[in-house]
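Visitor: Here is what each chain is made of, one letter per residue.
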Amino acid sequence: MTKPVLIILSLATTIVALSVIQVIVSTRLSTSGVELADIQNTTQALKNSNVLLSEELVQSSSLTQIASGAATLGFVDSKSEVYISDSLPIAKR
Amino acid sequence: MTWRYRCVLLFIIFGFFLVIARLFYWQIVKAEELSDLGQSQYTHSLKLTPQRGIIKSSDGFPIATNTLSYIVYANPKVIAKKDHTAKLLSPLLEIDEASISAKLDKDLFWVSLKLNVDSKEKESIEKLKIEGIGFEQEYVRFYPEASLAANLIGFVGKNDVGENKGYFGLEGFYDRLLRGKEGIALVVRDALGRPIVSKINNNSPEIPGRSLELSIDRAIQFMVERKLKEAVEKYQASGGMVGIIEPKTGNILSLASYPSFDNRNFIEYDPVLYKNPFITNVYEPGSTFKALVMASAIDSKVVKPETKCPICSKEVEIANYAIRTWNNKYYENTTMIAVIQHSDNTGMVYAGQKLGLDRMLEYFDKFGIGKLTGIDLQGEVLPQIRAKEDWYPIDLATASFGQGINITPIELLVGFSSLANEGKRMEPHIVRKIENEDGSLVEIKPKLLSKPVSSSTAKVMTEILVNAVNKGESKFAKPKGYRVAGKTGTAQIPIDGHYDPNKTIASFIGFAPADDPKFAMLVIIDRPTTSIYGSETAAPLFFNIAKDMFAYYGILPTESE
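Taken in sequence, the protein lines are chains A and B.
Residue numbers for the first sequence follow this note's numbering, so the first one is 1 and each next one is one higher.
Residue numbers for the second sequence follow this note's numbering, so the first one is 1 and each next one is one higher.
Treat the hints as calculated values from the structure; they're not laboratory data.
These figures come from a predicted structure and were not determined experimentally.
Any given hint could turn out to be false.
In silico SDA-like cross-links for lysine to any residue, where the CA-CA straight-line distance does not exceed 20 Å [claimed, not checked]:
hint, chain 1, residue 1, chain 2, residue 2
1, A, 79, B, 219
2, B, 165, B, 115
3, B, 120, A, 79
4, A, 79, B, 58
5, A, 47, B, 62
6, A, 47, B, 51
7, B, 122, A, 22
8, B, 229, A, 53
9, A, 47, B, 354
10, B, 547, B, 495
11, B, 120, A, 53
12, A, 47, B, 139
13, A, 79, B, 557
14, B, 314, B, 378
15, B, 158, B, 266
16, B, 447, B, 58
17, B, 229, A, 77
With the hints as constraints, model all of the structure from the sequences given.
Guide: Structure (structure tokens):
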């Protein structure tokens, strides 16, 4: 084969190869879009689950809930306080 | 031949010119519009609504946060059995069948069926697998402590374009910080409408709202609201309010009012309840105001605590008006200490007259009377003090014992708390820290507003107020062993130009422990009916709350009784 024919052939091969690669990449990208959407959906579902669990957690630890639970269990406010303090130093007695 | 050649050449040049002109039009003049049009064919613009900032109490507990909510919508064009669908949805959405049917009969692609549907309701609707029914997710406010501090927090409603907006309280005052900034993302789709790459162009990302950390103590707020409700019911009053401040910093520890509303279902309540009465209600403070006038008189050295009142043996006549004491008891040569102890109006008239109008107005200004306190809540009202030339001798006399002068409860509490802070008046604040987007915290430092009286006057006044608590009308309610400085108040309410003797605003203001105050508190009971007096209604509530606060802060009694 002469040199010019070789050059033309290699150029044509390169063009064809690049075109094929482009088609493959586009196809893969297009397919990964679906995967990406799935990942996004999973992320969103996890985020939603996190929000709902946080909601449950703060609701359970709210004073309103605790007070109502305590009342159901029969707890009542203390009517008389007892103070435990250090005994006075001898000099002050 | 030449003319033909030239003609063709001219034609070609003209053709080129037309192409260049058209390209110029597309590339330069219409470039942006065409680019947007092109982008819109393969992308979908998505509005990114930022999550609203969280409001936390002083212990970091979220008292206003966000949760998921859904809008249930239908596409009537794809729903085949409309009556059957309406029948299925009716019990789940709690809407009658006819209303759902009417919506499904519309010739539209999108109709909203119900707003604010929670996750559990959504799940049960999803289980029905009805074609043409969908959900739009959004974040809504969630209050884990239900209606705790509702007046203080405010609520989130919609503005004229349907966007979330904070109204009243902290939601209103800090709305711009809390709501953040909306962003826009472009999603690229393939020919079938499936997303290829998300957020390819995220030039305007959403900025989440900033969170607020309050000085409000959740435990104190909870306890105060519960006790206030019990007191209002016990004294058969129209309402009541309590404000507690840390005198040294101006941090508000609790601000409660009753009746109140539920922030989530605010629409079901009377709009009058949305306002925070502690900053919006204007009233005549009555005897609680005597502490400020007496402190002014002592500070300006026109009287001393031991000064004897020469006009207190009987009613005081001023311009055809007779000034009486609240119980018609008169004490000859009573001292200023006893004037506060007996809440003696005639003694206060004497102190007021000795002070004089000029000095009285000067001290009012320093105590912040007739000025906005600058509290970080939406809607603080500024009651006007009448101009100096409009004051008559009778006005000076009545103002001395807190009648004929209008103030807001927050004005009084902030002014009074200066007596518990060596005479220094601090700016009241609800928000202690603001959390930035990067998680860093900006601390709001205490701000000194004025120094109405000297520290020695504040000390003297504290002793006078401790004496008033120990020997005054409300001594029965005081917790044993604690030094509390305070003053009762029973203000008559002006109705049609006269004072109604049976309708009063009963109040008590004080601070404790007197030697190293941890809190100053104002309790107001509006129109109590079991007793009209502050000493029998507001004072017991004050001491009831104070007792719990001593236990909460671990403050031990200092006196044996």
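Visitor: Please go over all the hints and tell whether each is borne out by the structure.
Guide: Going through the hints against the structure:
no. : hint            : verdict
1   : A:79 <-> B:219  : 18 Å, holds
2   : B:165 <-> B:115 : 17 Å, holds
3   : B:120 <-> A:79  : 43 Å, violated
4   : A:79 <-> B:58   : 27 Å, violated
5   : A:47 <-> B:62   : 18 Å, holds
6   : A:47 <-> B:51   : 12 Å, holds
7   : B:122 <-> A:22  : 44 Å, violated
8   : B:229 <-> A:53  : 32 Å, violated
9   : A:47 <-> B:354  : 69 Å, violated
10  : B:547 <-> B:495 : 36 Å, violated
11  : B:120 <-> A:53  : 13 Å, holds
12  : A:47 <-> B:139  : 12 Å, holds
13  : A:79 <-> B:557  : 16 Å, holds
14  : B:314 <-> B:378 : 46 Å, violated
15  : B:158 <-> B:266 : 12 Å, holds
16  : B:447 <-> B:58  : 19 Å, holds
17  : B:229 <-> A:77  : 16 Å, holds
In summary, the structure is inconsistent with hints 3, 4, 7, 8, 9, 10, 14 from the numbered list given earlier, while agreeing with the others.
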